[in-house]
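J.: If you read the protein sequences in the order shown, they are chains A and B. In case it helps, the numbering used here puts the first sequence at residues 1 to 253. In case it helps, the numbering used here puts the second sequence at residues 254 to 397.
Heads up, a few of these hints could be off.
[Stated by the list, open to error] Derived pair list, reagent style SDA-like, types lysine to any residue, alpha-carbon separation capped at 25 Å:
(1) K94(A) <-> A242(A)
(2) K255(B) <-> G58(A)
(3) K315(B) <-> Q56(A)
(4) K27(A) <-> A165(A)
(5) K259(B) <-> T15(A)
(6) K94(A) <-> N188(A)
(7) K281(B) <-> V172(A)
(8) K123(A) <-> V369(B)
(9) K94(A) <-> L362(B)
(10) K300(B) <-> K259(B)
(11) K315(B) <-> G58(A)
(12) K259(B) <-> I168(A)
(13) K246(A) <-> D158(A)
(14) K27(A) <-> Q251(A)
(15) K237(A) <-> A165(A)
(16) K300(B) <-> L349(B)
(17) K94(A) <-> K259(B)
(18) K220(A) <-> P178(A)
(19) K123(A) <-> K255(B)
(20) K123(A) <-> S343(B)
(21) K123(A) <-> V318(B)
(22) K259(B) <-> A16(A)
(23) K159(A) <-> A25(A)
(24) K255(B) <-> V83(A)
(25) K300(B) <-> N188(A)
(26) K255(B) <-> A16(A)
(27) K159(A) <-> A226(A)
(28) K281(B) <-> L75(A)
(29) K255(B) <-> P5(A)
(30) K94(A) <-> G193(A)
(31) K94(A) <-> L263(B)
(32) K336(B) <-> G193(A)
(33) K237(A) <-> P5(A)
(34) K300(B) <-> E372(B)
(35) K123(A) <-> L263(B)
Worth flagging that the hints you see were computed from the coordinates, not collected in a lab.
The residues making up each chain are set out below.
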Amino acid sequence: MSFIPAPISRFFHRTASPPHFYTLADKLLPWLTVLFLLLLIPGLYGGLVMAPADYQQGDSYRIIYIHVPAAWMSLFIYVLMAVMGGIALVWRMKLAEVMLISSAPIGAGFTLVALVTGSLWGKPMWGTWWVWDARLTSELILLFLYLGVTSLYGAIEDKRSAARAVSILALVGVVNIPIIHYSVEWWNTLHQGPTVSKMDKPSIHISMLIPLLLMAGAFKVYYAIAVLQAAKLELIKREPSAQWVKNLLEQNA
Amino acid sequence: MKPHRKQRLLLIGLMLIGIGLAATFALKAFNENLMYFFSTTDVAEGKAPRDALFRLGGMVVKGSVERPGADLLVRFKLSDFSKEVTVEYSGILPDLFREGQGIVAMGRLDGRGVFVAEEVLAKHDENYMPPEVADSLKKAPEAE
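Start from the sequences, fold in the hints, and give me the full structure.
T.: Structure (structure tokens):
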């Protein structure tokens with residue numbers, strides 16, 4: 001008995017076959033690029049030019065248009081990686097392994113951006129580059145988890161068993177995600193509490209919120225573009241002598 | 254779903270629950286150390302360490318900031334809306350330091366019960382708004 005309807009299951013199996021995924025990614029990429037620019041340009045213009053200065057921080061607060069979307073993405077990508085890891089372990093789906101391993105460097109990049117921009121903002125606003133409070137420390141651990149996933153994958157020669165080890169690491173590390181998110185509520189931290197995801201209305205003015213959401217959308221689409229490109233490359237690296245790769249080379253020749 | 258897949262799914266589920274529980278217990282055990290700072294009520298109730306460096310957080314009480322000398326010494330009161338603690342600090346204050354703002358100070362209690370800070374960090378709140386909105390919010394309670 002299966003709780004997934006047959007047509008959906010069929011769709012997944014077809015999409016997950018490497019040649020089908022490769023051509024699908026090729027078709028999607030130009031559209032995603034257009035969407036990315038459509039979100040990024042108004043987001044940046046709205047955030048850096050149109051949005052008013054903050055009543056306390058003046059123009060310094062504008063770092064949130066990079067910092068906050070990057071931090072959201074660092075959590076989002078890790079959860080996605082854990083889900084992929086679960087799928088890879090249970091269904092042994094090759095594409096899930098490829099997506100997991102292709103996501104890790106991108107997630108590490110977003111985490112680094114969040115840490116660096118936060119540090120640059122922290123010096124003038126808090127009076128320090130870095131403090132070991134629960135939010136900052138758990139985000140730093142997230143960076144090490146991403147780097148750990150990439151290095152573990154690189155360290156094991158056989159890529160199928162490497163993918164299995166990496167899937168388990170991704171699943172174990174997911175316990176850090178709720179800790180990062182709730183750290184500012186569970187403990188006294190120097191980092192402020194959540195602004196947008198509060199249960200009542202967000203404590204950010206609407207004129208500042210709209211560019212922030214546009215930037216968050218742009219970062220999501222950027223991730224999709226980056227991960228599809230990385231996954232395409234990883235698929236070819238995995239099966240360099242497969243028939244579909246040969247066909248592809250002949251097409252392009 | 255095939256039985257061996259169901260088994261693997263179950264195994265992953267159990268693993269996640271196990272790790273979650275382990276993390277919860279570990280965090281509970283380290284709860285005190287994960288607090289970046291003590292509140293002023295903790296100090297008033299004697300929960301904060303004596304003769305040791307610790308961090309104290311709270312709101313700067315409005316109208317309590319004074320500079321007794323010509324040097325950099327600043328004296329102000331910190332509050333968490335129930336207990337107040339007097340803080341002395343000699344140095345440059347961060348941009349966001351102002352009355353009514355949350356701050357975190359690192360230092361120790363002296364014999365008088367005054368917290369002598371070696372470092373003062375501003376704690377930023379989660380509100381973002383244009384200055385005009387902040388002004389109108391300030392005026393609103395006065396109009397009532």
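J.: State for each hint whether it applies.
T.: Against the structure, the hints come out as follows:
no.	hint	in the structure
1	K94(A) <-> A242(A)	holds (14 Å)
2	K255(B) <-> G58(A)	violated (59 Å)
3	K315(B) <-> Q56(A)	holds (16 Å)
4	K27(A) <-> A165(A)	violated (32 Å)
5	K259(B) <-> T15(A)	holds (23 Å)
6	K94(A) <-> N188(A)	violated (43 Å)
7	K281(B) <-> V172(A)	holds (19 Å)
8	K123(A) <-> V369(B)	holds (22 Å)
9	K94(A) <-> L362(B)	violated (60 Å)
10	K300(B) <-> K259(B)	violated (51 Å)
11	K315(B) <-> G58(A)	holds (22 Å)
12	K259(B) <-> I168(A)	holds (17 Å)
13	K246(A) <-> D158(A)	holds (23 Å)
14	K27(A) <-> Q251(A)	holds (16 Å)
15	K237(A) <-> A165(A)	holds (19 Å)
16	K300(B) <-> L349(B)	violated (28 Å)
17	K94(A) <-> K259(B)	holds (18 Å)
18	K220(A) <-> P178(A)	holds (20 Å)
19	K123(A) <-> K255(B)	violated (55 Å)
20	K123(A) <-> S343(B)	holds (19 Å)
21	K123(A) <-> V318(B)	holds (23 Å)
22	K259(B) <-> A16(A)	holds (20 Å)
23	K159(A) <-> A25(A)	holds (22 Å)
24	K255(B) <-> V83(A)	holds (19 Å)
25	K300(B) <-> N188(A)	holds (15 Å)
26	K255(B) <-> A16(A)	holds (19 Å)
27	K159(A) <-> A226(A)	holds (21 Å)
28	K281(B) <-> L75(A)	holds (23 Å)
29	K255(B) <-> P5(A)	holds (15 Å)
30	K94(A) <-> G193(A)	violated (39 Å)
31	K94(A) <-> L263(B)	holds (21 Å)
32	K336(B) <-> G193(A)	holds (22 Å)
33	K237(A) <-> P5(A)	violated (33 Å)
34	K300(B) <-> E372(B)	holds (21 Å)
35	K123(A) <-> L263(B)	violated (47 Å)
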